[in-house]
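Trainee: Chains A and B, in that order, give the protein sequences.
Residue numbering for the first sequence follows the numbering used here, starting at 4 and increasing by one per position.
Residue numbering for the second sequence follows the numbering used here, starting at 968 and increasing by one per position.
Think of the hints as simulated: they come from the structure by calculation, not from any bench.
Take these hints with a grain of salt, some might be off.
[Stated by the list, open to error] Think about it this way: if two alpha-carbon atoms lie no more than 20 Å apart in a straight line, the pair counts; the simulated EDC-like pairs of lysine to aspartate or glutamate are:
(1) A:K144 <-> A:D127
(2) A:K172 <-> A:E88
(3) B:K1063 <-> A:D54
(4) B:K1063 <-> A:E185
(5) A:K144 <-> A:D54
(6) B:K1063 <-> A:E60
(7) A:K220 <-> A:D127
(8) A:K172 <-> A:E213
(9) A:K64 <-> B:E1060
(10) A:K64 <-> A:D54
(11) A:K209 <-> A:D233
(12) A:K209 <-> A:E185
The structure presented is a predicted model; accordingly, all values stated were derived computationally and were not measured.
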Amino acid sequence: MAELDPIVWWRRLLTAPNESRGKTLAMAFIVAAVSSLAVSLAAVVLQPRIDANRAAERQAKLDAMIADLPGLADILAESGADSLETVVVDLATGTEADVAPGDYDMAAVAADPATSTELSDAQDIAGIGRRPDYVEIHVLKARGSVELVILPVYAAGYQSTIRAYLALKGDLNTVAGLVVTEQGETPGLGANVATPGWQALWPGKKLADETGTLRLKVVRGKGQTEYEVDGITGATRTSTAVGDMIAFWIGPNGYASVLAALRSGAL
Amino acid sequence: MFGRLRSFFAPLIDDNPITVQILGICSALAVTTSMDTALTMSVALTLVLMAASGIIATLRNHMPRAIRLILQITIIAALVIVTDLILQAYAFEVSKRLSIFVSLIVTNCLVMARTETFAMHNPPWPSILDGLVYGLGYSLILLIVGFLRELLGRGTLFGFTVLPAVEDGGWFEPMGVMLLAPSAFFVLGLLIWAIRGWRTAQVEANEYPLPARAEP
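With the sequences and hints as input, model every part of the structure.
Mentor: Structural data, given as structure tokens:
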């Protein structure tokens, strides 16, 4: 007669010889199942806290960048501190999207096929696969004209996703600052993109020349012109990835339409 | 009684996992640039080691020999991931600086060595104690190395200034090399030298002595 009582099955398992095939399979299965249950449980329970930590860090870095930008504090004081507007823009049209800034979640938007665009290999120089259609940007206006724009950017680095904020001055061609907010590159080499020393190389660099061609690059060794940023020795792929990240996000699949709208005053 | 106590505390000096068994060096080099990372890593490793020893000792009579190592690694890896998540949730700043080294506790030879040699053959309580003492031995060396490197490299301890640096108007010239990985080798090497000078029993016999005279 077939035995169906689970307690009997459990006893039989415990008394079975360790080397039997059944017990080997059962132990492998039980240990794997219990371990994965523990990991999943911890991940689900702790995820809200971890996300909150990451968001707080991004905000702190954005605040620090705003505090560091020369003259910005004066502009803010002059025009009232709350004039840093947060706008969610539609990258396809360069217009304001119908999404409340408070609810915006870049990772969710980029992952959802309904709100993101798949990039072809030729378009995808930043290695991100899908581009979100809506992005939350920060614009500072004083007396009607744009003084500063802060654009979130990201790209696949050497071994992690590099996330950063790129700040542009009112001419929308001069870099006001670059702050890397998240990266997991090689410690001591690629991870140096997140150091203040390297980020200090960015302010004052120009994106495009008079003809409108994008010129800004991260070069090997020392940058010679205002379009060149020094690469990091021993981290060529991370350095190149940061350059490609800027090229992608300033380019036609990135913020080109948004920048055009800002120039014409439509946004 | 005294002898038992002595063998119980042997992992601190006489059988220290780092200086005698030379296990877990990789993480010992990487996380000792400052005291707070060294301390967090020590606590994380000790807790993982104790938990892994306890669980594996409980299961020891039901572990098929053919897959015992895989089962041990699975259990250790699960514990490490949970520890990493807890650090990210409650000690975010430190967890960022420890970066991948917490996850690398999985590959730390020390944990595997204790579970395989001790926990597989002993009941849970002694195994947990064994994990604790070996974890403390590891922590002791990590903290000594971290203490020297942070003090000499930055003039601070736990981030508080102890030796005022020249840059800030003090007299202490920070030794930048102490913050680089090779300095951990120097400190560890000197430490092993000092311990073996004191405990001469640890000095290993020369396994490959040169012949007294050349063969004709």
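Trainee: All hints, please: hold or fail.
Mentor: Hint check:
Our distance criterion of 20 Å between C-alpha atoms is broken by K144 of chain A and D127 of chain A, whose separation comes to about 32 Å. The hinted pair formed by K172 of chain A and E88 of chain A meets the criterion: a straight-line CA distance of about 15 Å does not exceed 20 Å. For the suggested pair K1063 of chain B and D54 of chain A, the alpha carbons sit about 14 Å apart, so the restraint of at most 20 Å is met. Of the supplied pair hints, the one linking K1063 of chain B and E185 of chain A holds, its CA atoms being roughly 10 Å apart against a limit of 20 Å.
A hinted pair counts as satisfied when its Cα atoms are at most 20 Å apart, and K144 of chain A with D54 of chain A does not qualify at roughly 31 Å. Our distance criterion of 20 Å between C-alpha atoms is met by K1063 of chain B and E60 of chain A, whose separation comes to about 11 Å. Using a Cα cut-off of 20 Å, the hinted pair K220 of chain A and D127 of chain A holds, with the two alpha carbons roughly 17 Å apart. Under the criterion of a C-alpha separation no larger than 20 Å, the hint pairing K172 of chain A with E213 of chain A is consistent with the structure, at around 16 Å.
Annotation: proposed proximity of K64 of chain A to E1060 of chain B holds, straight-line Cα distance about 13 Å (limit 20 Å). The hinted pair formed by K64 of chain A and D54 of chain A meets the criterion: a straight-line CA distance of about 15 Å does not exceed 20 Å. Simply put, K209 of chain A and D233 of chain A have alpha-carbon atoms about 14 Å apart, close enough for the 20 Å limit, and the pair holds. The hinted pair formed by K209 of chain A and E185 of chain A fails the criterion: a straight-line CA distance of about 24 Å is larger than 20 Å.
Against the hints set out earlier in the document, violations occur for numbers 1, 5 and 12.
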